[in-house]
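Here's the letter readout for the chains.
2 protein chains.
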Amino acid sequence: MLEVLRLGHRHGRDDRISTHVGLTARQWGADEVVFSGDEDSSMIQSQRDIVDRWGGEISIRYENSWRKEISEFEGLRVHLTMYGERINEMEDVLRDRLSDEKDLLVIVGAEKVPRWVYENVEFNVSVGNQPHSEIAALAVFLDRVKEGEIKQEFDRAEIEVEPSEDRKLTREK
Amino acid sequence: MLEVLRLGHRHGRDDRISTHVGLTARQWGADEVVFSGDEDSSMIQSQRDIVDRWGGEISIRYENSWRKEISEFEGLRVHLTMYGERINEMEDVLRDRLSDEKDLLVIVGAEKVPRWVYENVEFNVSVGNQPHSEIAALAVFLDRVKEGEIKQEFDRAEIEVEPSEDRKLTREK
Numbered sequence: 024m025l026e027v028l029r030l031g032h033r034h035g036r037d038d039r040i041s042t043h044v045g046l047t048a049r050q051w052g053a054d055e056v057v058f059s060g061d062e063d064s065s066m067i068q069s070q071r072d073i074v075d076r077w078g079g080e081i082s083i084r085y086e087n088s089w090r091k092e093i094s095e096f097e098g099l100r101v102h103l104t105m106y107g108e109r110i111n112e113m114e115d116v117l118r119d120r121l122s123d124e125k126d127l128l129v130i131v132g133a134e135k136v137p138r139w140v141y142e143n144v145e146f147n148v149s150v151g152n153q154p155h156s157e158i159a160a161l162a163v164f165l166d167r168v169k170e171g172e173i174k175q176e177f178d179r180a181e182i183e184v185e186p187s188e189d190r191k192l193t194r195e196k
Numbered sequence: 024m025l026e027v028l029r030l031g032h033r034h035g036r037d038d039r040i041s042t043h044v045g046l047t048a049r050q051w052g053a054d055e056v057v058f059s060g061d062e063d064s065s066m067i068q069s070q071r072d073i074v075d076r077w078g079g080e081i082s083i084r085y086e087n088s089w090r091k092e093i094s095e096f097e098g099l100r101v102h103l104t105m106y107g108e109r110i111n112e113m114e115d116v117l118r119d120r121l122s123d124e125k126d127l128l129v130i131v132g133a134e135k136v137p138r139w140v141y142e143n144v145e146f147n148v149s150v151g152n153q154p155h156s157e158i159a160a161l162a163v164f165l166d167r168v169k170e171g172e173i174k175q176e177f178d179r180a181e182i183e184v185e186p187s188e189d190r191k192l193t194r195e196k
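These protein sequence lines map, in sequence, to chains A and B.
Going by our numbering, the first sequence opens with residue 24, and the numbers climb by one from there.
Going by our numbering, the second sequence opens with residue 24, and the numbers climb by one from there.
Here chain A stands alone, though its shape is the one from the complex (with noise of 0.2 Å):
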């Protein structure tokens, strides 16, 4: 089971970042997305909205407790920051736990992450230390920690995309 928790969402100015996450998150095979922060039924439904017409199981919710639930997840927990130990250095320790622990907890933060966080996870893990994407980030530690496993199919998708060399190519299913 792969968890994605993003946290301190802002209603409005956080938005389109927090679609990315979902979108990112779904990308890698993502069963379930937990939005914190503020409450923004508009950003959730337009995630279900996209994952009604493109597939998938994902589910995608918003959760107050972001502590509870970051304390009561039974599995590895990885919060991502650029102040965190370097993803280059960590990446075969992450593997070696990941073949023990079957659940992934990531958890990516907005502006402000509280040191709480850093100090209930098992690792605090950077994609370099400079400011940062958390979008960035996200992606590049599932594409790693995955093998490059992007995922391609999606159950009950009404429409899919034919890669193409020079046009886009869609057909509905």
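Calculated directly from the structure, the hints in this document are not laboratory data.
Glycine is no exception: its CB is placed at the ideal position from the N, C-alpha and C atoms.
Hints are not guaranteed to be accurate.
[Stated by the list, open to error] The calculated lysine-lysine pairs, modelled on DSS-like cross-linking and capped at a C-alpha distance of 27 Å, are:
{"hint": "1", "chain 1": "B", "residue 1": "K196", "chain 2": "A", "residue 2": "K174"}
{"hint": "2", "chain 1": "A", "residue 1": "K91", "chain 2": "B", "residue 2": "K191"}
{"hint": "3", "chain 1": "A", "residue 1": "K169", "chain 2": "B", "residue 2": "K196"}
{"hint": "4", "chain 1": "A", "residue 1": "K169", "chain 2": "A", "residue 2": "K125"}
{"hint": "5", "chain 1": "B", "residue 1": "K135", "chain 2": "A", "residue 2": "K169"}
{"hint": "6", "chain 1": "B", "residue 1": "K135", "chain 2": "A", "residue 2": "K191"}
{"hint": "7", "chain 1": "B", "residue 1": "K125", "chain 2": "B", "residue 2": "K91"}
{"hint": "8", "chain 1": "A", "residue 1": "K174", "chain 2": "A", "residue 2": "K191"}
{"hint": "9", "chain 1": "A", "residue 1": "K135", "chain 2": "B", "residue 2": "K169"}
{"hint": "10", "chain 1": "B", "residue 1": "K135", "chain 2": "A", "residue 2": "K174"}
{"hint": "11", "chain 1": "B", "residue 1": "K196", "chain 2": "B", "residue 2": "K125"}
{"hint": "12", "chain 1": "B", "residue 1": "K191", "chain 2": "A", "residue 2": "K191"}
{"hint": "13", "chain 1": "A", "residue 1": "K125", "chain 2": "A", "residue 2": "K91"}
{"hint": "14", "chain 1": "B", "residue 1": "K174", "chain 2": "B", "residue 2": "K191"}
{"hint": "15", "chain 1": "B", "residue 1": "K135", "chain 2": "A", "residue 2": "K196"}
{"hint": "16", "chain 1": "A", "residue 1": "K135", "chain 2": "B", "residue 2": "K191"}
{"hint": "17", "chain 1": "A", "residue 1": "K91", "chain 2": "A", "residue 2": "K135"}
{"hint": "18", "chain 1": "A", "residue 1": "K125", "chain 2": "A", "residue 2": "K174"}
{"hint": "19", "chain 1": "B", "residue 1": "K125", "chain 2": "B", "residue 2": "K169"}
{"hint": "20", "chain 1": "B", "residue 1": "K174", "chain 2": "A", "residue 2": "K135"}
{"hint": "21", "chain 1": "B", "residue 1": "K91", "chain 2": "B", "residue 2": "K135"}
{"hint": "22", "chain 1": "B", "residue 1": "K196", "chain 2": "B", "residue 2": "K174"}
{"hint": "23", "chain 1": "A", "residue 1": "K196", "chain 2": "A", "residue 2": "K174"}
[Said to hold, decoys possible] Far from chain A, by Cβ distances over 12 Å, these chain B residues were calculated:
{"hint": "24", "residue": "D54"}
{"hint": "25", "residue": "G60"}
{"hint": "26", "residue": "Q70"}
{"hint": "27", "residue": "Y85"}
{"hint": "28", "residue": "E86"}
{"hint": "29", "residue": "S88"}
{"hint": "30", "residue": "E92"}
{"hint": "31", "residue": "S94"}
{"hint": "32", "residue": "E108"}
{"hint": "33", "residue": "D123"}
{"hint": "34", "residue": "D126"}
{"hint": "35", "residue": "K191"}
For this one, chain A is given, so just place chain B on it according to the hints.
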């Protein structure tokens, strides 16, 4: 030389997405990030402010004539799009081509990318054939092409992060 061109920036709506494109380009060692679409000096200035503080030689600029920017680029031009050929199938070809060509232009779009772009690049490449985060696509594309080389040293930085297991540590330089 690595250049990233962001098409179709819209003032307001795209500020944060475009900023994340710039941060991602910088994190994988781009020399230049070029924005087209709406001219938006505050978005560009905020990125230059990050570079002033966190270092590096990256140039960030606006260009109205994106067709010219593409057609006059001497080197390999890759457009990232959910409709393109799958990166997992193109990766070796791209690396081969990049060992001959010294310069790479990576193009990421906004919602509607004109047909002209698809027809005036060497490759249209998808990082997933699903509704798409251009930030995630750019990050994973660069991470793959650069074989995981996340840039760590930035010249003339005023500040840097000390990677840590469990806290935020920075040092002034």
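Here's how the hints hold up against the structure:
no., hint, result
1, B:K196 with A:K174, "violated (42 Å)"
2, A:K91 with B:K191, "holds (23 Å)"
3, A:K169 with B:K196, "violated (36 Å)"
4, A:K169 with A:K125, "holds (13 Å)"
5, B:K135 with A:K169, "violated (30 Å)"
6, B:K135 with A:K191, "holds (11 Å)"
7, B:K125 with B:K91, "holds (20 Å)"
8, A:K174 with A:K191, "holds (19 Å)"
9, A:K135 with B:K169, "violated (30 Å)"
10, B:K135 with A:K174, "holds (24 Å)"
11, B:K196 with B:K125, "violated (33 Å)"
12, B:K191 with A:K191, "violated (44 Å)"
13, A:K125 with A:K91, "holds (20 Å)"
14, B:K174 with B:K191, "holds (19 Å)"
15, B:K135 with A:K196, "holds (23 Å)"
16, A:K135 with B:K191, "holds (11 Å)"
17, A:K91 with A:K135, "holds (18 Å)"
18, A:K125 with A:K174, "holds (19 Å)"
19, B:K125 with B:K169, "holds (13 Å)"
20, B:K174 with A:K135, "holds (24 Å)"
21, B:K91 with B:K135, "holds (18 Å)"
22, B:K196 with B:K174, "holds (18 Å)"
23, A:K196 with A:K174, "holds (18 Å)"
24, D54, "holds (16 Å)"
25, G60, "holds (15 Å)"
26, Q70, "violated (9 Å)"
27, Y85, "holds (20 Å)"
28, E86, "holds (22 Å)"
29, S88, "holds (22 Å)"
30, E92, "holds (19 Å)"
31, S94, "holds (16 Å)"
32, E108, "violated (5 Å)"
33, D123, "holds (20 Å)"
34, D126, "holds (22 Å)"
35, K191, "violated (4 Å)"
The structure fails hints 1, 3, 5, 9, 11, 12, 26, 32, 35 (numbered hints given earlier, in ascending order).
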